[in-house]
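*Asks:* The lines below spell out each chain.
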Amino acid sequence: METSTVVVSVFLFSIIALVFMPIMTWVERKQSALMQDRIGANRAEIFGIRAIGLIHPVTDAIKMFTKEDVIPTGANRFLHAICPFIAVVPAIVSFAVIPYGGSYTAWGSSWSLVVADLDYGVLYIFAIGSIAAYGSILAGWAGNNNWGMLGSIRVAAQMLSYEVSMGISVVGLFMIYGTLRLTDIGVAQQETFRLLGFVEHFGWATAGTAWVDFIKIPLWGAILQPLPMFIFLAAILAENKRPPFDTPEGESEIVAGYFIEYSGMKFGLFTAGELVEVVVISALMAALFLGGWSIPYLPETAIIGGLSELFGPNLANVLAMIIAVHVFFAKVLALIFFQMLIRWSLPRFRYDQVMNLGWKILLPLSIANIVVTGFVILLVAEITG
Amino acid sequence: MEQILFYVFSGLAILSAIGLLVNVRNTVNAALSLVVCMLSLAVLFIMLHAEFVGVLQVMVYAGAIVVLFLFVVMLLNLRGGNMGAESQPVLKLVGGAVAVGATVKLATLLDRPLKPWADIDPEFGTVAHIGRVFYTDYMLAFQVAGVLLLAGIVAAVILAKREID
Amino acid sequence: MMPNLDLSAISPMIFVAVGAILLPLLEVLLARMIERRRSWLGRTVNREMASTAIVIFTVLLLVLALLRTVGTFDLPVAHFNLDHPMIAVDQLTRFLNAVLLISAILTVLVSSRYLADIGMDHGEFYALLLASLLGMMLLGAATDLIMLFLALELMSIPIYALAGFQRSSLKSNESALKYFIIGSFASALLLYGCALLYGATGTVELAEIARGFDPENPLTLLGAALVLVGFAFKIASVPFHQWAPDVYEGAPTTVTGFMATAVKVAAFGALIRVVAVGLQPGAEIMYGVFWWLAVLSMTVGNVMAIIQQNTKRMLAYSSVAHGGYMLVGICVGTQSGYAGLLFYLLVYTFMTIGAFTVLAILTRDGREVSRIDDLAGLHETHPFAAIVMTLCMFSLAGIPPLAGFWGKWYLLTGAVERATAIGDTSLIVLAVVLVMNSAISLAYYLRLPVVMYMREARGADRPDATAGALQTTVLWVCALAIVLIGVVPGDFLILFGDYDLIASARVAASAVSP
Chain V
1 METSTVVVSV FLFSIIALVF MPIMTWVERK QSALMQDRIG ANRAEIFGIR AIGLIHPVTD
61 AIKMFTKEDV IPTGANRFLH AICPFIAVVP AIVSFAVIPY GGSYTAWGSS WSLVVADLDY
121 GVLYIFAIGS IAAYGSILAG WAGNNNWGML GSIRVAAQML SYEVSMGISV VGLFMIYGTL
181 RLTDIGVAQQ ETFRLLGFVE HFGWATAGTA WVDFIKIPLW GAILQPLPMF IFLAAILAEN
241 KRPPFDTPEG ESEIVAGYFI EYSGMKFGLF TAGELVEVVV ISALMAALFL GGWSIPYLPE
301 TAIIGGLSEL FGPNLANVLA MIIAVHVFFA KVLALIFFQM LIRWSLPRFR YDQVMNLGWK
361 ILLPLSIANI VVTGFVILLV AEITG
Chain H
386 MEQILFYVFS GLAILSAIGL LVNVRNTVNA ALSLVVCMLS LAVLFIMLHA EFVGVLQVMV
446 YAGAIVVLFL FVVMLLNLRG GNMGAESQPV LKLVGGAVAV GATVKLATLL DRPLKPWADI
506 DPEFGTVAHI GRVFYTDYML AFQVAGVLLL AGIVAAVILA KREID
Chain Y
551 MMPNLDLSAI SPMIFVAVGA ILLPLLEVLL ARMIERRRSW LGRTVNREMA STAIVIFTVL
611 LLVLALLRTV GTFDLPVAHF NLDHPMIAVD QLTRFLNAVL LISAILTVLV SSRYLADIGM
671 DHGEFYALLL ASLLGMMLLG AATDLIMLFL ALELMSIPIY ALAGFQRSSL KSNESALKYF
731 IIGSFASALL LYGCALLYGA TGTVELAEIA RGFDPENPLT LLGAALVLVG FAFKIASVPF
791 HQWAPDVYEG APTTVTGFMA TAVKVAAFGA LIRVVAVGLQ PGAEIMYGVF WWLAVLSMTV
851 GNVMAIIQQN TKRMLAYSSV AHGGYMLVGI CVGTQSGYAG LLFYLLVYTF MTIGAFTVLA
911 ILTRDGREVS RIDDLAGLHE THPFAAIVMT LCMFSLAGIP PLAGFWGKWY LLTGAVERAT
971 AIGDTSLIVL AVVLVMNSAI SLAYYLRLPV VMYMREARGA DRPDATAGAL QTTVLWVCAL
1031 AIVLIGVVPG DFLILFGDYD LIASARVAAS AVSP
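Chains as they are written, first to last, in my numbering: chain V, 1 to 385; chain H, 386 to 550; chain Y, 551 to 1064.
The hints are simulated quantities; they were obtained by calculation from the structure and are not laboratory data. We put the CB at the ideal spot given by N, CA and C, even for glycine. There could be a bad hint or two in this list.
To be verified - Straight-line Cα separation of at most 16 Å, EDC-like style, residue types lysine to aspartate or glutamate; simulated pairs:
(1) H:K546 with Y:D671
(2) Y:K728 with Y:D671
(3) V:K360 with V:E382
(4) V:K30 with V:E68
(5) H:K490 with Y:D974
(6) V:K63 with V:E45
Said to hold, decoys possible - Now the stretches of chain H that chain V is said to cover, found in silico as 3 or more residues with beta-carbon under 8 Å:
(7) 434-441
(8) 482-489
(9) 506-520
Start from the sequences and build out the full structure, keeping to the hints where you can.
*Replies:* Okay, here's the thing in structure tokens:
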């Protein structure tokens, strides 16, 4: 990989990780206020500047850092100390494989908008995500608190259960795109598919008939695999332990669950990890199901081709890159907003409902989806030759 | 660079494996040693171009099996100290000596030139390659593994189902 | 790109696999029908109808598989995946499959009533049995270490669960747990051995391993040794036998019968292939190992069996001793040795299943007739069972002209032939040990007939036995088989007369050119 590529990727990477984390707390507050017809946090000010509540994350940080760090008696000090980090680091490093755009060549150097273009990209995120479970499980255990322990048990059961449906629900996508590499999936989603192609196959219309070509669908994951998209979303929300799957926290039952014995910045890290994960989920959903950086019916090659005529190939590539990043983050922001909507709309599931949903509904549906998808793929291959 | 990584992670794997043995009475620590061991092995796999195996190692072993282990430990609230038979120092010594001897012997036996990277198919270890081999050459083994898992599930259900009839 | 598959080569295994997959579904369906009081053919579905349906389905599949196996016995070697054969369907595989299927059919027939008696009449039993059977059939056919290990696990894991199938019984639970832990340990050793063999030879195919086998290389030897230890655990040979009595005692009786026969058949089949093909270059070193395993298994098994008071424990030690007799065939290592071993496996299956069937029909309301003395007076309450038990005991002891005698006879002649051919006295010693042990075994095998016929039953404790029709059939089959094979043993041995088992196994194991 060229140095320039690395610089761009790491730059974007650090922006997301560092900027999103505090801003997300603001988004969450303001969004909830919006939904509940309130004004929301807007009191913190620096020299009279309130900036629609954007100062609040700063005050939050100051508060967290200056609070006393309490380690309860009987706690396992080592585990108690490292758990917040185990919880937050996986969320941040997950960004490494998410592509913000395709590959671009300008002035002789090539730019690929992904930090690590791994062959097993999606699996990497799943693997890293499964490590994050330890942060929460051990946090509850290390604090020597029975509520915490209950939280830990719930985390362990929930994350284990939903990991299965999460992994299996996207297998259909891998079968369609034939890869696990997220950049390849992104490129594949630029294409469109002639829905009425079978008409030509059966000889009902001659090849190249206008009305056959007219109806095309973008090869987005959301269109090809709508059901798995919702299964995946539900499963990954449960993985993140956000409402309505926040039984491990369960304020009304087990106080704060697994991070009950944390205060100060350690507590802050758990919240930060959760919020960063919201961004990861959105980015992953966008990359897998919402076409990544693609615009429907407007493939990137067409964008670059059109812009090249106006500005020349180098500038066209740079502009296309900027467009791609914006398109991608527009999708990410929309998905973040959607997740917040869910968070403030749905009540918390009961613990047994969480388990039933995971094992008895999501898992069978995702397995059935694999079978159906395989069948359809063979059918389509048969028809299109 | 690769050498340094190799020695760091193989050392970590060995240390955590020893940690697993030492902590046999403290179940949570033992489980954590196991996780560290699995993760180090995963790194070694990845360095051997077996990336898929490495990631699965993290996902399945570190991410699922040990989590399940911890789940059980917490459910039963095993805080350690009250399990295991009385120690048998002679057996321990003999066992340790045999283990060390066998390790040293194995290490000397395995000290031989490895296949150079250049000889290895660039496709080796990719998901596509593994998938292809799975569904052609190892088709039968793959299917049998499926029946094995099914039998395991049926066995678990019949042994653990709360009320039967 | 498409693999070159020959499904007809493994059709018996496919029948069994279909059963293993469909039976849990069938059970769920039937349980649902019972729950909702659905009727079928004008009758409300009840548990009895459900189990009948399940048993008929299971037996039908097994009989189809058996017919297919026997019908294709004379065909040349077949492979499932011609590009990359992991199993070979040759005469050895087909014979083992036939014996395994017989063992499974008999077990299923006995089990339907036995399970109802112990209150665990669930279709999952048959599903697990078939899954295990599939593993056994593949184990005998495996020519590849990966397949060998997978098949071994597929054989073992359902058996662990079956051993603990009687959930209400603490002994059954203990049995399952012990078997599971020891079995996992054995599997781990075997797997480590496989890994070392792979490390030493760079291949997992038995034929290739033989090519790369260097008897001077400690790595290879350690790998081979660990593989053999894994097998020794599975066939419960001394000193890897301690689990056997507890497991055999605690497991449901019909499962014990299946465990004692089918697991041994499959493990010995795989052992023949591993020893005769993969580890052939190390035969001389392994000879010593097998010699000691055989002598120890025979002697310890028989001596320990004498002091047992519990029938199932006694039969467990007897099974250890029989494992020792069979190891003599491995020690001989020639065509006649292996043929004798295979013949012994067939005979042993009938004798052992017969004995365990008698024990199974004596079970009432979950209470088993455990002590040998409890059998007193059986000839009055259930004379036929007593006769079959006596036949099985005589045959196990090797009294002519029953089948068990001929099994030992062929092993003996094989050993003596080989010994005279190469002038090796140690084989003669082995033969002498075998004969002496047969004499020792009379001490406990004859005790059962003595108790059954010559001792009065003690009041209310007399064994109450009313066998179901299927169970009586099994008793008849076992008794007839023991007598018939005893009368015309040659006809059964001749099955292998025309086939050079070792050469066949070697040809089958070497890769087929695509």
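*Asks:* Now tell me, hint by hint, if it's right for this structure.
*Replies:* Do the hints match the structure? See the list:
Using a Cα cut-off of 16 Å, the hinted pair H:K546 and Y:D671 holds, with the two alpha carbons roughly 15 Å apart. Proximity of Y:K728 to Y:D671 is assessed by CA-CA distance (about 24 Å); at most 16 Å being required, the pair is judged violated. Proximity of V:K360 to V:E382 is assessed by CA-CA distance (about 33 Å); at most 16 Å being required, the pair is judged violated. Taken as a hint, the V:K30 and V:E68 pair is broken in the structure, with Cα atoms around 28 Å apart against an allowance of 16 Å.
Our distance criterion of 16 Å between C-alpha atoms is broken by H:K490 and Y:D974, whose separation comes to about 34 Å. Between V:K63 and V:E45 the CA atoms are separated by roughly 15 Å; this keeps the pair inside 16 Å, and the hint holds. Note: the stretch 434-441 of chain H has 4 residues with beta-carbon separation from chain V under 8 Å; the three-residue rule is met and the coverage holds. With 0 residues carrying a beta carbon less than 8 Å from a beta carbon of chain V, the stretch 482-489 of chain H misses the three-residue requirement, and the given coverage is violated.
Three residues within the 8 Å Cβ limit are the bar, and the stretch 506-520 of chain H against chain V gives 3, so the coverage statement holds.
Going down the numbered hints, you'll see the structure goes against 2, 3, 4, 5, 8, while the others check out.
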